[in-house]
Amino acid sequence: MSAHMPLAKSHQPRPPALLRAALLALSCVSALLAICPNAAAQETPYFVAYSHHLEEPDNLEVEAYSIYGTQKGGPDFIAPWIEFEYGVTAWWTTEVYIDTQHTFGGLDRTVFTGTRFENRFRPLMHEHWINPVLYVEFENTTDADKTLKEVVGLDTQFDAAEPNSEANRHHTHELETKLILSSDYKGWNFSENFIGEKNLGHEAWEFGYALGVSRPLRLEATPQHCNFCRENFVLGAEMYGGLGTAKAFSLSGTSHYVAPIAAWQLPSGVTFSISPGFGLNDNSHRFLLRWGMSYEISGFGRKLRSMF
Amino acid sequence: MRSLLIPALLTFASLAAAAGAVHQHKSDDRGVWVEIAQAPASTRSWKNPYEGRADGIAAGRKLFLQHCAECHGDEATGKHAPNLRSPGVQNATPGELAWLLRNGNLTHRMPPWAGIPDQRRWQIVAYLKSLGAAESKPVSESE
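Sequences listed follow chains U and V, in order.
Be aware that the first sequence starts at 1, since it is given in the numbering used here, and climbs by one per residue.
Be aware that the second sequence starts at 1, since it is given in the numbering used here, and climbs by one per residue.
Extracted from the complex, chain U is given alone in its bound form (with noise of 0.2 angstroms):
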């Protein structure tokens, strides 16, 4: 007991500094929520994969999303993150996440798990039957980060079952690039991922897969505004999974899950996304649950821009 007192001490600070920084991030959104109009976004509704669609020019994202997940061999967790996507152009779109988790049970129970910086670019200037986008993303997160926002290489739950006191310390900088192949027919979306990631410190590459397919309920839009008409809602499912290393490209010895998905895409610029995800495999998770919102305002850039 003795022996985890000066451990405690040295963690007691934290919750302050996160409520604070909490505080500062919904203060500023807030108030850019109250200077800038909203918009209808044509984005898919998948958590995992990704389509050809990027963020309009100049409009800014805002997006809360959450994971909860059983685990064999440990403590179920919660992993909420926060995502600002940017329209730079019509064909790059930037985004940065913060990245948090709380476990239930242990020490360091609630932690702070790092920060990823991405990029998208579409090189086809119009559309085609397949759209290919690319993508880079820096990754700068700790072995603690849970929000599984892919899987690649042997990845298994049981990687997640390290107490977040150990794997918090674990630092790792890592290069995660996608091939992003998309398509859009007759209302329907279909997304395939190829996912190659490299820890930079001399480990070898890591690939990964996503597929993603959804479709609105209602494709042509009624002539009223309305909150709960079935063309705001969207439909999907997503699959994913590890595809091994360089060394061992493999299907086996990683883990794969299943996870419909429902979006509600307000007018407002506000979406409500759900999804419960299935492992497929003993090594993965039972049970994911991923849920979120996120907010569309139009012109942020633009606005920002005459602030100056």
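These aren't lab readings, by the way, just hints derived from the structure by calculation.
Treat the hints with care, as some may be off.
Stated by the list, open to error - A few chain V positions that, by computed beta-carbon distances, are all more than 12 angstroms from chain U:
1. Glu75
2. Ser86
3. Gly88
4. Pro94
5. Asn105
6. Asp118
To be verified - Just the calculated beta-carbon pair ranges, DEER-fashion:
7. V:Trp33 to U:Leu266: 50 to 60 angstroms
8. U:Trp264 to V:Ala54: 22 to 32 angstroms
9. V:Lys47 to U:Thr70: 51 to 61 angstroms
10. U:Pro276 to V:Pro40: 52 to 62 angstroms
11. U:Leu219 to V:Thr107: 28 to 38 angstroms
Fair warning: this is a prediction, and the values are worked out from it, not measured in the lab.
Backbone N, C-alpha and C define an ideal beta-carbon position, used for all residues, glycine too.
On the provided structure of chain U, position chain V as indicated by the hints.
Chain V alone, transformed into the frame defined by chain U:
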């Protein structure tokens, strides 16, 4: 704090590049005409299933206000982006406008709207064609 340094630098570099990109691509009506001219000839024969239908035009107006008005203005006469009631746009065929909506004009900051279903794009086209010609408002300098 060191863990935030690299992302902060990358973000700053991105925004700086973004500012440069913004000033390279001022939107004007010519961009729309040039893009419409690139529409394949086959698009000219496309028929709008909502043409002249009051419900389609009303739905198109709703969609226009949700997706387009922030840049093109509530009356589509141009705000930060081109006037959609200019002769160049109004004389385009519904098929050419539907093609432009689907593909966008990426070098002139017009996003592709392929992510919304075909039916909704046709509803927007029906609304645009119902507006008729009007004089443009000056394009914002920030664009």
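Earlier hints that do not hold, by number: 5, 6, 7 and 10
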